[in-house]
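Q: Numbering-wise (the working numbering), the sequence shown opens with residue 1 and increments by one.
The set of hints was computed from the structure by calculation and includes no laboratory data. One or more hints might be untrue.
[Said to hold, decoys possible] Mimicking DSSO-like on lysine-lysine, the simulated pairs with C-alpha atoms at most 27 Å apart in a straight line are:
#: 1; residue 1: Lys-202; residue 2: Lys-103
#: 2; residue 1: Lys-202; residue 2: Lys-230
#: 3; residue 1: Lys-202; residue 2: Lys-41
#: 4; residue 1: Lys-240; residue 2: Lys-91
#: 5; residue 1: Lys-91; residue 2: Lys-205
#: 6; residue 1: Lys-202; residue 2: Lys-228
#: 7; residue 1: Lys-103; residue 2: Lys-205
#: 8; residue 1: Lys-74; residue 2: Lys-103
#: 9; residue 1: Lys-240; residue 2: Lys-228
[Unchecked claim] Derived DEER-like restraints, expressed as beta-carbon distance ranges:
#: 10; residue 1: Ile-206; residue 2: Glu-77; range: 44 to 50 Å
#: 11; residue 1: His-34; residue 2: Lys-205; range: 36 to 42 Å
#: 12; residue 1: Val-146; residue 2: Phe-239; range: 38 to 44 Å
#: 13; residue 1: Ser-111; residue 2: Tyr-209; range: 18 to 24 Å
#: 14; residue 1: Arg-214; residue 2: Arg-75; range: 41 to 47 Å
#: 15; residue 1: Gly-158; residue 2: Ser-216; range: 26 to 32 Å
#: 16; residue 1: Ala-152; residue 2: Glu-100; range: 38 to 44 Å
#: 17; residue 1: Glu-76; residue 2: Lys-103; range: 45 to 51 Å
#: 18; residue 1: Leu-211; residue 2: Gly-89; range: 38 to 44 Å
#: 19; residue 1: Ala-152; residue 2: Lys-41; range: 40 to 46 Å
#: 20; residue 1: Ala-203; residue 2: Pro-96; range: 43 to 49 Å
#: 21; residue 1: Phe-109; residue 2: Gly-89; range: 19 to 25 Å
For clarity, every value in this text was computed on a predicted model and none was experimentally measured. Note that beta-carbon positions come from the ideal geometry of N, C-alpha and C, so glycine has one too.
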Amino acid sequence: MDTININHRQENGSLPLETGNGSTSLARPSSSKHTLVILDKRELDRHCLAQCMAAHTADFLILAFGSIEEWKQKREEYPPLSAIVLNVGGKLVDEPAVSELIKSLSSEFVSTPVIILSDSDDFAQIVRAIDYGAKGYIPASVSISVCMELIALSVAGGLFVPASALFAMRHLLQSSNSTTHPLAGIFTDRQAEVVAALRRGKANKIIAYELNLRESTVKVHVRNIMKKVKATNRTEVVFKLNDLFQNNLPGGLVAN
Numbered sequence: 001m002d003t004i005n006i007n008h009r010q011e012n013g014s015l016p017l018e019t020g021n022g023s024t025s026l027a028r029p030s031s032s033k034h035t036l037v038i039l040d041k042r043e044l045d046r047h048c049l050a051q052c053m054a055a056h057t058a059d060f061l062i063l064a065f066g067s068i069e070e071w072k073q074k075r076e077e078y079p080p081l082s083a084i085v086l087n088v089g090g091k092l093v094d095e096p097a098v099s100e101l102i103k104s105l106s107s108e109f110v111s112t113p114v115i116i117l118s119d120s121d122d123f124a125q126i127v128r129a130i131d132y133g134a135k136g137y138i139p140a141s142v143s144i145s146v147c148m149e150l151i152a153l154s155v156a157g158g159l160f161v162p163a164s165a166l167f168a169m170r171h172l173l174q175s176s177n178s179t180t181h182p183l184a185g186i187f188t189d190r191q192a193e194v195v196a197a198l199r200r201g202k203a204n205k206i207i208a209y210e211l212n213l214r215e216s217t218v219k220v221h222v223r224n225i226m227k228k229v230k231a232t233n234r235t236e237v238v239f240k241l242n243d244l245f246q247n248n249l250p251g252g253l254v255a256n
């Protein structure tokens with residue numbers, strides 16, 4: 001890939017230093033003593049994220065690469081590494097390629113927090129990310145300023161997970177002493193809400209609005225639900241969900 005040098009200063013005071021070989025480095029005019037590396041194979045996404053982060057912090061030199069190997073080739077040119085942000089987007093944490101990457105990064109960079117940025121706030125995905133070694137899990141629904149504060153928290157030694165994960169954990173603890181739902185263990189709480197909406201024939205945009213989610217997050221939940229019921233399209237998933245509820249709940253459950 002050709003190198004593109006960008007020499008103009010942005011209105012917010014950030015200075016793009018270099019774009020080339022799939023990487024971007026941005027920082028405030030003041031010298032940064034620490035490096036924050038963004039890993040994302042999607043070039044446009046990582047460059048945009050790097051620009052936004054650079055506009056909200058003077059504490060880090062923001063670098064964006066398609067892989068950790070690309071950063072290693074240039075690591076001597078930059079300040080010490082303080083954190084790695086792995087942007088998985090709409091991918092699932094437990095997909096083999098993603099889970100292995102999280103484990104590999106966490107194992108290699110023991111003293112450097114690996115933070116997951118994801119479109120999903122699914123409880124199971126959050127738990128798995130932490131189990132794989134991540135020191136933080138940030139849903140893409142937060143603002144860029146909050147995102148930077150959470151990264152700073154991880155760098156300081158803290159561990160962040162979304163509030164939704166704590167609510168889900170509380171729900172599990174509360175329900176542990178109650179009668180087990182016939183479908184418990186099949187769907188997460190959030191997936192169950194999406195299931196109910198799907199059975200009512202609601203579109204992803206409507207589901208996102210009603211559940212206060214990003215539409216991309218709803219799509220992730222729908223894909224996960226389809227995998228669990230082994231459906232190949234949206235129509236099939238509704239039929240299978242109806243059969244699943246009728247077979248598991250006393251007297252069946254009819255959608256409103």
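Q: Would you mind marking each hint as holding or not holding in the structure?
A: Right, here's what the structure says about each hint:
Only pairs whose Cα atoms come within 27 Å are accepted, and Lys-202 paired with Lys-103 is rejected, the gap being roughly 37 Å. Proposed proximity of Lys-202 and Lys-230 is supported: the alpha carbons are some 20 Å apart, at most 27 Å. Straight-line distance between C-alpha atoms of Lys-202 and Lys-41 comes to about 33 Å, which puts the hinted pair past the 27 Å bound. For the hint linking Lys-240 to Lys-91, the alpha-carbon distance of about 24 Å falls within 27 Å, and the restraint holds.
A threshold of 27 Å between alpha carbons decides the hint, and for Lys-91 with Lys-205 the separation of about 19 Å falls inside it, so the pair holds. With a CA separation close to 20 Å, the supplied pair Lys-202 and Lys-228 stays within the 27 Å bound. The straight-line distance between the Cα atoms of Lys-103 and Lys-205 is roughly 34 Å, outside the 27 Å bound, and the hint therefore fails. For the proposed pair Lys-74 and Lys-103, the alpha carbon gap of about 23 Å is at most 27 Å, so the pair holds.
Only pairs whose Cα atoms come within 27 Å are accepted, and Lys-240 paired with Lys-228 is accepted, the gap being roughly 10 Å. At roughly 49 Å, the beta-carbon separation of Ile-206 and Glu-77 lies within the given 44 to 50 Å, and the hint holds. Taking 36 to 42 Å as the suggested C-beta distance range, the pair His-34 and Lys-205 conforms, at roughly 40 Å. Against the hinted window of 38 to 44 Å, the Cβ-Cβ separation of Val-146 and Phe-239 comes to about 40 Å, which satisfies the hint.
The hinted range of 18 to 24 Å is not satisfied by Ser-111 and Tyr-209, whose Cβ atoms lie roughly 42 Å apart. At about 34 Å, the CB distance of Arg-214 to Arg-75 disagrees with the hint of 41 to 47 Å. A C-beta distance of roughly 27 Å is found between Gly-158 and Ser-216, which places it inside the suggested range of 26 to 32 Å. Checked against the given bound of 38 to 44 Å, the beta carbons of Ala-152 and Glu-100, roughly 28 Å apart, lie outside it.
The hinted window of 45 to 51 Å between Glu-76 and Lys-103 is violated, with their beta carbons roughly 26 Å apart. The supplied range of 38 to 44 Å is broken by Leu-211 and Gly-89, whose beta-carbon atoms lie about 20 Å from each other. Between Ala-152 and Lys-41 the beta carbons are some 25 Å apart, a value that contradicts the proposed interval 40 to 46 Å. Hint check: Ala-203 to Pro-96, Cβ distance near 31 Å, so the stated range 43 to 49 Å is violated.
For the pair Phe-109 and Gly-89, the beta carbons lie near 21 Å from each other, so the given range of 19 to 25 Å is met.
Of the numbered hints given earlier, the model fails hints 1, 3, 7, 13, 14, 16, 17, 18, 19 and 20; all others are met.
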